[in-house]
Each structure stands twice: as C-alpha cells, then as structure tokens.
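Participant: Sequence:
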Amino acid sequence: MIEITIYKTKDEIRGFIIEGHSGYAEEGSDIVCASVSILSYTALNAMNLVAGIEPEFITYETDEETGFMNMRTLKNNEKTDVIYRSFMVGIELLLEDYSDYITLKFEEV
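Here the sequence shown stands for residues 0 to 108, where the numbers follow numbering that gives the first Met the number 0.
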C-alpha cells in the first residue's frame, strides 16, 4: 500500500510524504507505483524549473527501495500552489481506480 500525506497550512500546501509500494504488480510492471513516482518526481523538479524555487528552499529525501519520498518547500509562490494541486489531482484520479493500493490523507503543519 502506498500511503501519501499532504502537508498543508490553512492557506497552502507545503509538501508531501509518500511511503511504501502498492503491491499492484511485480516490480517493473507496477503501473500504480510508476504513476505515483512520475507525479512526485515531476512535482519535485517543477518546483525549481517551473516555480523558480531555489534548490536551497526545497528539502527532500528519497529511498526508491522502500518507496519513500518526503518533500517540502520552505518558500512558496503561486506556481508552487499550482504544482502541488496538480500533484493532488493526479493522486485523486489514481484513487478512483486504485483505492485498494493508495491512501491519501492531509496533515496540518
């Protein structure tokens, strides 16, 4: 099961954590894990390349073996909000068909 937690304040999303593997299929054939990976790495890279957030204001840790990614932005702008919300839309769409393999929750920070 992939567990996703979105970190948010009253007004904005500040980051997310992803933990685990879906167990949908064998490694290398798991479309659920691949989808979550693509969404999360796109969000991570877009923070600098699209939103213009300098790398020192983006903290992240990853462990592909355990399916772990923890990402937070220390500085936000309108574009970071769009990136985070796009990530959430992608996860919510995955949940429509693969809710046995993904959970999503929100945590106030």
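Careful, some of the hints might be misleading.
Said to hold, decoys possible - Only pairs whose alpha carbons sit at most 30 Å apart, straight line, appear in this in silico DSS-like list of lysine-lysine:
id, residue 1, residue 2
1, 9, 104
2, 104, 74
3, 78, 104
4, 7, 78
5, 74, 9
6, 104, 7
The set of hints was computed from the structure by calculation and includes no laboratory data. Quantities reported herein were computed from a predicted structural model and do not represent experimental measurements.
Participant: Against each hint, give a clear statement of whether it holds in the structure.
Facilitator: These are the hints, each one checked on the structure:
1. 9 x 104: Satisfied, since the Cα-Cα distance of roughly 15 Å is no more than 30 Å.
2. 104 x 74: Given pair residue 104, residue 74 holds - Cα atoms ~22 Å apart, limit 30 Å.
3. 78 x 104: With Cα atoms ~22 Å apart, residue 78 and residue 104 stay inside 30 Å; holds.
4. 7 x 78: Holds. Residue 7 to residue 78 sits at ~16 Å (cutoff 30 Å).
5. 74 x 9: Holds - the C-alpha atoms of residue 9 and residue 74 are around 15 Å apart, at most 30 Å.
6. 104 x 7: Distance ~11 Å between residue 104 and residue 7 Cα, so the pair holds.
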